[in-house]
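> Next come the chains, spelled out residue by residue.
There are 2 protein chains.
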Amino acid sequence: MAETYQIAVIRVVTLENEEKLQLHGKLINEYFPNLITTSYCIPDQYEGVHDDLTYERATKKIVDLAKSIQHKYDGIVISCAGDPGVEILRKELEIPVVGAGHSVASFSLNFGERIGVLGITAEAPQLVASTLGDKLIKAVKPEGVNTTNDLLTEVGRAAVVQTAGELQQEGVDAILLACTGMSTIGIAKFLQEKLNIPVIDPVYSEALVINGLCKYRSAL
Amino acid sequence: MAETYQIAVIRVVTLENEEKLQLHGKLINEYFPNLITTSYCIPDQYEGVHDDLTYERATKKIVDLAKSIQHKYDGIVISCAGDPGVEILRKELEIPVVGAGHSVASFSLNFGERIGVLGITAEAPQLVASTLGDKLIKAVKPEGVNTTNDLLTEVGRAAVVQTAGELQQEGVDAILLACTGMSTIGIAKFLQEKLNIPVIDPVYSEALVINGLCKYRSAL
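The listed protein sequences correspond, in order, to chains A and B. Using the numbering used here, the letters of the first sequence map in sequence onto residues 801 to 1020. Using the numbering used here, the letters of the second sequence map in sequence onto residues 801 to 1020.
Wrong hints could be hidden among the right ones.
Intra- or inter-copy, both count: the list cannot distinguish identical chains.
[Stated by the list, open to error] With a Cα cut of at most 16 Å, we get these calculated EDC-like pairs of lysine to aspartate or glutamate:
1) K935 / D973
2) K861 / E887
3) K820 / E847
4) K891 / E913
5) K938 / E923
6) K861 / E847
Everything labelled a hint here was simulated from the structure, so no lab data went into it.
Construct all of the structure, not just a fragment, from the sequences and the given hints.
Here it is in structure tokens:
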């Protein structure tokens, strides 16, 4: 039996519905049953993180929250492909802290050297772009999709599918989903089967990496 | 209980001693108990892979071996940081194939953006270098260490420790061990405790990535 780790999952969108709040934590636990998750979200940010201003606001809330709960956990996941607060927390906390962005970018590099990025911003999130470096072939966002909530509509989902097809035409080896809202709508499997290329899910990736980091501390 | 996967571990040095042959597979299974390993090695290559000629020779042997055994496994690990044969096999086989090089490079990117590479060749292995891109700050090899066997001597080990200390002086965020012989001698933990920065082990990383890829196929 693999060692279990207590993981705090911080959602960067305000969620008052308990089921929605728990969703990423539940996925993480399904992927890696040894990760026992507790979910949190930041207050007063109903549209999540989708531009510089919302990023900056979220960062301060995330850092404060993570610091206040760290003593209870073996690791913290910031469940956002923008990785708000991750670099600050990595330096300041004693436990592993991961974000979806660097996690999905680093994992995607095992699928090839030409990575396409599909997110909700015109440019790839900063840590996704810097982690991929010159393996980032193109970053795209679906038309009409500007926040994580837009992904929840039929129109939003259709736009994601169309944009993924366009990205495939660029000859990428894999498509990196650069918004954890894509995990919320469970679209990676659908796209992968439709396009027949690897489509890398950010919540799966953050689960893989926090498990890898927690285990590494105890394994070595 | 996590799903179990049957993993072939291909050693790229000829090993007639059963215990030595099994060592990486045993480590992989200790890190991830759901990975059930069977070890193989290539014939007539007692000094492993350490230059262009030995790389080329090994690649053909590895590709032939992997093709002949693939039907028995869920995934294949080429336990060498040079990743010989990995790119060919990725395209030709239906199951996941990973090498230690891209695995350790991709995992290291979760530790920071300034990575130092410590291997047995003057330059970083090709896939390690390309995966790291501009995050590769410096690659070094210990003086007098030219093959994986040189790591097994006291002098070789001392040279690794000294070179790791010099690499740390370059201000790297983490040290990537770019030879699986470093895993054989179990030096990551020792270096990490001595230098107090993350030291990333290649056999741990290949275990993490093959588990991540096998699980991804079944999870999605």
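> At most 16 Å between CA atoms: does that hold for K861 and E847 within a copy, between copies, both, or neither?
For K861 and E847, only the intra-copy Cα distance (14 Å) is at most 16 Å; the inter-copy one is 54 Å.
> With identical chains treated as interchangeable, where does the CA-CA distance between K891 and E913 reach 16 Å or less: within a copy, between copies, both, or neither?
between (29 Å within a copy, 13 Å between copies)
> Indicate which option fits the pair K938, E923 if close means a Cα-Cα distance not exceeding 16 Å: within, between, both or neither.
Classified as within; 9 Å inside a copy, 29 Å across copies.
> When no copy is specified for K820 and E847, does a C-alpha distance of 16 Å or less occur within a copy, between copies, both, or neither?
within (14 Å within a copy, 55 Å between copies)
> If the cutoff is 16 Å on CA atoms, where do K861 and E887 land: within, between, both or neither? Let me know, please.
For K861 and E887, only the intra-copy Cα distance (14 Å) is at most 16 Å; the inter-copy one is 43 Å.
> Classify it for me, K935 with D973: is the Cα-Cα distance of at most 16 Å met within a copy, between copies, both or neither?
within (10 Å within a copy, 21 Å between copies)
Consistency with the previously given hints is maintained throughout, with no hint failing.
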